[in-house]
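Asker: Below are the chains, spelled out letter by letter.
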Amino acid sequence: MMTIDASGMHYKELNRLIREGIANGVKKFFIENVNGQYYIGDGIKGDDVVININGTPGNDLGAFMDGPTLTVNNNAQDNVGNTMNAGKIIINGDAGDVVGYGMRGGRIFIRGNAGYRVGIHMKGYNEQLPVIMIGGKVGSFFAEYMAGGVIVLLGLEDDDSDELDIDYFASGMHGGTIFIRKKIDFSKFSNEAELYEIDDKDADFLKEYLTDFANSFNISIEEIYKKPFYKIVPSSARPYAHLYTSA
Amino acid sequence: MTKSSFSNIQSEYLAVIDHNKCVRCKRCIQNCGWGTYSFGGDKILADHSKCVACGRCYTYCPEGAISIIKNPTVIRENANWQEPLVKNIWRQSETGGIVISGMGTTFKYKKYFDHILLDACQVTNPSIDPLREPMELRTFLGKKPSKLDLDFDEKGEPVLKTKMPPQIELQTPFVFGAMSYGSISLNAQKAMALAARALGIVMNTGEGGLHDDLVPFGKNIIVQVASGRFGVHRDYLNSGVAVEIKIGQGAKPGIGGHLPGEKIGIDISRTRMIPVGTDAISPAPHHDIYSIEDLRQLIYAIKEATEYEKPVSVKVAAVHNIAAIVSGIVRAGADIVYIDGYSGGTGAAPIVIRDHVGIPIELALAQVDERLREEGIRNEASIIAAGSIRSSADAVKAIALGADAVAIGTAALIVMGCHVCGKCNTGNCSWGITTQRPELVRRLDPEVYGERLYNLISAWSHEIQEVLGAMGVNSIESLRGSRERLRGIELTDAELKALGIKHAGL
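Line order of the protein sequences matches chains Y and X. Quick note on numbering: this note's numbering labels position 138 of the first sequence as 192, and the sequence is numbered without any gaps. Quick note on numbering: this note's numbering labels position 299 of the second sequence as 849, and the sequence is numbered without any gaps.
Take the hints with a grain of salt, since some may be wrong.
The calculated SDA-like cross-link candidates involving lysine to any residue, where the alpha carbons are at most 20 Å apart (straight line), are [stated by the list, open to error]:
(1) Y/LYS237 / Y/ALA301
(2) Y/LYS66 / X/LYS637
(3) X/LYS713 / Y/GLU67
(4) X/LYS813 / Y/SER194
(5) X/LYS713 / Y/ARG70
(6) X/LYS637 / Y/SER194
(7) X/LYS600 / X/LYS660
(8) X/LYS600 / Y/THR299
(9) X/LYS600 / Y/TYR298
In case anyone wonders, no lab produced these hints; they're calculated from the structure.
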């Protein structure tokens, strides 16, 4: 176990200490007084490494990360899980823009809301299945160019409403699945994707993840199941195949 | 709408077989990736509509029985309604598609390299004989410190105190341009890897990941990170000598790329880390980079992931405000800026972009070098110039205009047999270069073409040494950014000003 007091510390020094700790066999980190330091967990490896972050981490939290678990006991900022390969990021608050850009594996759980451009170009590969779960709502340009993996959007905030508050999304989606809780205005998502009711297989799949999510944040699973789930999948793995002609 | 099969577009070339010479060995049928030839029972038949003049058939015809000729049936000449324009109108009216093509622009824009002349020594200062005297071509790419701090050891000898930022060491100022596995074949990449290792230079993965077979060549590879983030992970970032963030490409500034699903076989799927058969779409921008500050963020995310041991390069297309853009990139922390001019090649680009967007590398380079010097930050990053470097002369001129090194892409493919037919996007390349069809890829022997690439770069390097010697300098460093050694010919005042050179005679 290693505790780092990050107050007044530059990110370069903080991340060097974490990397050094991992190289020396430290499995559990507590980072206190984090105040906007970028790149925490950037490019680190090790499935059994756990990092607890107290305070607000800066941009690119867990970028290129490959295995560890990061728990943020507060809000996070932009670019959480950028091009992440494996691991888990748990955020007990809101996240900023561009969550999980190009993410290929692992899980990102956000208790609250996330900003614009969430899940752009996420992609699955073989057994790698990236999953982003968002308790609240997201901003515009959500799941653009999504190529694989799973995004679950719960909309637990203002739960009196039966309709999900979301703007135009899933442009260029050509892989993966988006699960949404509550219905949406059909005109707000792209022509490249289609909406379905979930089937038993989807429900089984969701159950595991919803349970994990609920347990991570002490939310009652019954609360989550109060509203119906729908899924959004791409119409084609090749949305632009007919756009071109060869000279 | 119902599609009519009738087309106005006639064959561009005719594959003419001299049946008196033909021995019906069928090698042409086997060699043509386009399906032009077939056997009609007693003779070879040619479907002219499929011929792209890639040159494979006549190169491999043992009897010299094949001629590829331009179809003499003319579209009536008209200087305004030129043939390619008319054909594209037909093509688009028949398909409704965006016209795409491979390779760089076919437009006849002014080639500034051909209007720049080099200096040489006469009488007042001696030229140097490179056959007799050492001539240094070694080039280091990366951030250079603005000053050096020295300490002195107990013997009073100076010791460098300044910690040098990471550098790429090139034995000669050439790199191979970024061409992904997917846009080109693995054998084409292997040929470049073998040549790069033998020459002490580097190749570039492009946005296609790093195939397992290329991992041992890490010391001669720059790995690329582009908007699709294909095959990008922690170990990938650490597997080469540098990491390049691709923002733009000279042939298609401002747009992304699509590797069509039919080219994503098992091996490419594994290298790009995406499922078999899906389109590999690189969005036009990186959606985490909407500003210079965002670019800085990605540059340092990569530096963190590589523990500050690799230079980070940023590749951009040469566009109108390139000097200000590059200044921003350098201030964002890039160690190398790769500038790709509008004549640069591509595996596929809409021709409306390829032929009409961007500016020449010569002008971009001169402006960037000037701007960075003015701002006192030229040492902060090295510059790689690209966009149709066709000869050692182009390379020398680019370096005198301010480049640290030049990148070659199309020239490297020409070494492998490419006849610049521009059909890279179709995946039928008869030379095994821009194709993933195993029977075509197999014919490109990496050892053979690795050696030829080695020969070309060695020859060009010797030519550069000759030129340096003639100019009376013994190191490529001495020519870098030395525009006083250049003169323009047949250029306007505005062009001379943009290039920062005097007219010949002055």
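Asker: Could you check the structure against the hints above and give me the numbers of any it violates, in ascending order?
Answerer: Violated: hints 1, 2, 4, 6, 7.
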